[in-house]
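Asks: All chains, please: the whole structure from these sequences, using the hints.
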Amino acid sequence: MTDLGAVDLNLLVALELLLEERSVRGAARRAHVSPSAMSHTLRRLRALLGDEVLVRAGRGMVPTPRAEALAEPVKGLLAQARAVLTDPGAFSPATLARPFRVVCTDHVSTVLLSQAEALLRREAPGVDLYVVPLVPDTMDALRQGAVDAAIGVFPEAPPEVRMRRLFTDGFVTVCRSDHPRLGDAKLSLDAFLAEPHVLVAPRGTPWGTVDEVLEARGLTRRVARTFPGFLAAMWHIVESDALLTVSRRLVATTASRLPVRVHRPPLPLADYGVMLAWHPRVDKAVEDVWLRGVLIQAAAELPTCPLP
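Per our numbering, numbering through the sequence shown is continuous, rising by one, with the last residue being 311.
No wet-lab data here; the hints were simulated from the structure.
Keep in mind that a hint or two might mislead.
[Said to hold, decoys possible] No more than 20 angstroms apart at the CA atoms, straight line, and that leaves these computed lysine to aspartate or glutamate pairs for EDC-like:
| id | residue 1 | residue 2 |
| --- | --- | --- |
| 1 | K287 | E75 |
| 2 | K78 | E24 |
| 3 | K287 | E163 |
| 4 | K78 | E163 |
| 5 | K78 | D54 |
| 6 | K78 | E55 |
| 7 | K78 | D143 |
| 8 | K78 | D11 |
| 9 | K78 | D131 |
| 10 | K78 | E290 |
| 11 | K78 | D286 |
| 12 | K78 | D291 |
Replies: Below is the structure:
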């Protein structure tokens, strides 16, 4: 059994950084030490654990199986230690210097994180915010501590994940402002179905909420293009005759910069809640509580966004 009295527990902090960055240089940058100092720390970790921890793979480094197995326990231990040792009354975001990783789509980053930017710069100029794409294993990433929070629509989130509604969104249909067949008149269902459509589909599957509603009515549309992100889809319709049925708030944020016309969809498309999700492990961690507060405040300050 290892004598903890003989172990520098700061090595755990370095181990966490090395496993997250998979790079001595990246870990050194976040720890505000030189790469040579972090290399020395890695040698100490290897001696302590009897394991290489990180090994070369091509131009980068990858963790060993033992290091992979240690990643979550180490992160959990450090989260608990920070919670125990931090006096909530003494917490000051102005002196906070660390990265946060938040999972979300470009829709959310455009609508919400742009709103949060002024708050972050004013309250915590030393905080770095890394946006991670929404992926099928987002809940696992929260559970493992690979990300700090996730923002999106999570109908199948596991029960242990904490949730809070940030804002409500809905749909509008957009086309280019000089569309040859669509003017300012109300968009009819027949006209809607007669045009090609663009769909945001990260996996490239040409099927979404609109298609489900159409199928229930015995109808179909032609999805002519799919894009992995919302902004690429918005740019595409400016150069085509296609229609895009997309987030109302995203269009409200971007439409003034693009030559597009906004229509009310000719279908009953329900509004939906955009949720903030986090793991209970960081439920009371003061830094995470602060970040969630910034996101909640930014959401509360979003302008109203009625249907056209």
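Asks: Compare the structure with each hint and give your call.
Replies: Hint-by-hint comparison with the structure:
Restraint check for K287 and E75: satisfied, since their Cα atoms lie roughly 18 angstroms apart, inside the 20 angstroms limit. For the given pair, K78 sits about 14 angstroms from E24 by alpha-carbon distance, which is consistent with the 20 angstroms threshold. A C-alpha spacing of about 15 angstroms is found between K287 and E163, which places the hinted pair at or below 20 angstroms, so the restraint holds. As the CA atoms of K78 and E163 are separated by approximately 18 angstroms, the hinted pair is consistent with the 20 angstroms bound.
With a C-alpha separation of about 18 angstroms, the suggested pair K78 and D54 falls inside the 20 angstroms cut-off, and the hint holds. Pair hint K78 plus E55 holds up; C-alpha atoms about 19 angstroms apart against a cutoff of 20 angstroms. The straight-line distance between the Cα atoms of K78 and D143 is roughly 14 angstroms, inside the 20 angstroms bound, and the hint therefore holds. The hinted pair formed by K78 and D11 meets the criterion: a straight-line CA distance of about 16 angstroms does not exceed 20 angstroms.
For the proposed pair K78 and D131, the alpha carbon gap of about 19 angstroms is at most 20 angstroms, so the pair holds. The suggested pairing of K78 with E290 holds, with an alpha-carbon distance near 15 angstroms, which does not exceed 20 angstroms. Note on K78 and D286: the hinted pairing holds, with a Cα-Cα distance of about 14 angstroms set against a maximum of 20 angstroms. Taken as a hint, the K78 and D291 pair is honoured in the structure, with Cα atoms around 14 angstroms apart against an allowance of 20 angstroms.
Every hint from the earlier list agrees with this structure, and none is contradicted.
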